[in-house]
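Undergrad: Okay, here's what each chain looks like letter by letter:
There are 2 protein chains.
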Amino acid sequence: MDSSRPIGVFDSGIGGLTVVRALMERLPLESIVYFGDTARVPYGIKSVTTIEHFTGQIVDYLLGQRVKMLIVACNTMAAVAADVVKARAGEIPVLDVIEAGALAAVAGSSVRGVGVIGTPTTINSNAYARRMHRLDPALRVYSQACPLFVPLVEEGWLDHPVTRLTAQEYLKPVLAEEVDSLVLGCTHYPLLKPLLKEVAGERVRLVDSATTTAELAAARLHELGIASDGQRAADYRYVVTDVPLRFQTIGERFLGRSLGRVERVEW
Amino acid sequence: MDSSRPIGVFDSGIGGLTVVRALMERLPLESIVYFGDTARVPYGIKSVTTIEHFTGQIVDYLLGQRVKMLIVACNTMAAVAADVVKARAGEIPVLDVIEAGALAAVAGSSVRGVGVIGTPTTINSNAYARRMHRLDPALRVYSQACPLFVPLVEEGWLDHPVTRLTAQEYLKPVLAEEVDSLVLGCTHYPLLKPLLKEVAGERVRLVDSATTTAELAAARLHELGIASDGQRAADYRYVVTDVPLRFQTIGERFLGRSLGRVERVEW
Chain F
1 MDSSRPIGVF
11 DSGIGGLTVV
21 RALMERLPLE
31 SIVYFGDTAR
41 VPYGIKSVTT
51 IEHFTGQIVD
61 YLLGQRVKML
71 IVACNTMAAV
81 AADVVKARAG
91 EIPVLDVIEA
101 GALAAVAGSS
111 VRGVGVIGTP
121 TTINSNAYAR
131 RMHRLDPALR
141 VYSQACPLFV
151 PLVEEGWLDH
161 PVTRLTAQEY
171 LKPVLAEEVD
181 SLVLGCTHYP
191 LLKPLLKEVA
201 GERVRLVDSA
211 TTTAELAAAR
221 LHELGIASDG
231 QRAADYRYVV
241 TDVPLRFQTI
251 GERFLGRSLG
261 RVERVEW
Chain E
1 MDSSRPIGVF
11 DSGIGGLTVV
21 RALMERLPLE
31 SIVYFGDTAR
41 VPYGIKSVTT
51 IEHFTGQIVD
61 YLLGQRVKML
71 IVACNTMAAV
81 AADVVKARAG
91 EIPVLDVIEA
101 GALAAVAGSS
111 VRGVGVIGTP
121 TTINSNAYAR
131 RMHRLDPALR
141 VYSQACPLFV
151 PLVEEGWLDH
161 PVTRLTAQEY
171 LKPVLAEEVD
181 SLVLGCTHYP
191 LLKPLLKEVA
201 GERVRLVDSA
211 TTTAELAAAR
221 LHELGIASDG
231 QRAADYRYVV
241 TDVPLRFQTI
251 GERFLGRSLG
261 RVERVEW
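Residue numbers (our numbering), protein chains in the order written: chain F, 1 to 267; chain E, 1 to 267.
It should be emphasised that the hints constitute simulated quantities derived from the structure, not laboratory data. Hints may be right or wrong, so weigh each one.
To be verified - When the alpha-carbon atoms are kept at most 25 Å apart in a straight line, the in silico SDA-like pairs for lysine to any residue are as follows:
#1 E/197 - F/155
#2 E/193 - F/151
#3 F/193 - E/161
#4 F/86 - F/2
Unchecked claim - Derived, one-sided and incomplete: chain E residues facing chain F with beta-carbon distance under 7 Å:
#5 47
#6 50
#7 151
#8 162
Yeah, the Cβ is synthetic: ideal placement off N, Cα and C, and Gly gets one too.
Just chain F, with the same shape it has in the complex (with noise of 0.2 Å):
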């Protein structure tokens, strides 16, 4: 397969950038195209048959990019709708953000308890506790969905009394477990990583899924030869379905740099 072909990374919305930024920083050679269905996020909220015809459409889409690696970097995907990707990718590698925080997690849990906190659909889908069962059986895991993480991020209130108070609300159950890793088992948390430190305290070591997903990747393309020589640079495409009220600010703090050129498809 050709190196120079770009990584295709896909997520519901925005969220995935955070992904893209680890990416960055972890993989500077490697080229980029990422999708986000932004005309119809949140998948979070919907059923599993929608949420597999919408990610079958997305996976369509970037095979047409030729891409050599997939990325789903969607917790609900990942959740629900791996083996559909699985399926359409064919011999094109896939990883996606589940199994690297599932294979971070287990590997940093000295006391062997870990938390996991994501949306409804993600937490409802046991698809951590699965993917985390299968490397440790006798692992413990304790999930919890945090519904307003989401929203509250999108606010931009990452570092606020109400973001806070709702923190230790949501984390209360899992705290009072023995954990010494909590799973951010949503792209939107890193955001939080600050605040969620604070109220996990010293003790808890937090799995950044979006930096998990990032080593990754880049052990993956090493393995299978694939890792971009840098012959050409890296260049980076960002797809849309919407170019929703306040894309650019959101996008970019979720990226960390200017979102540059972004397209949209219609559908």
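Chain F is already provided as a structure; the job is to place chain E on it using the hints.
TA: Chain E only, in chain F's frame:
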């Protein structure tokens, strides 16, 4: 027109059920077809072009159900796509939550100062202020976007310290002005009425666009001579584009009664 035909009520999701609830109480003889675009909710974060496109599809569907009146029970669609609805509806009368809320607010303000709260799209559209100024050009209107209220209602935190703190923060600038009316410019907000009443205090009257819409519908049906004579029992249908997790629970919280038969259409 056959007066036994149903009223078509539509929203981007389930929020419009607060309008259905008010209609059932005010007009118990009327049949209702409710359409909620739950596969693509929320509209409030999408572009005008996308919202207009979605709105057209819903209106066409309801016209195919032979409704005798269309009620736009979605502030976002009323704010940015009211013309699309009217153009397609032809002879069928159309009314919407913004028209109803604006009329009631202007009629009831003795200090001629009104606050309006809603989603960012509704507030940025300035639709309430424009409609109210058409009725009273000297009216002072103070608007405030409250993006966290919808997720807080859907979380069920109707009387929670986080919601109170959020409401205090959002309402502060509006309450600092001389206002005696506060328009709840989002169909989710009627569920926050008790808490908002507390935060806003005695001197401020809350204008609930669900009940004001039901009043306006009653008046319009009588004017046009198309109110149901009650010869056929009222029938209620709920049509959605997706049946997501917790749909029943949240829907019934909005409707205030059992949802009964829910149909799904696929687009």
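Undergrad: Hints broken by the structure, by number, lowest first?
TA: none
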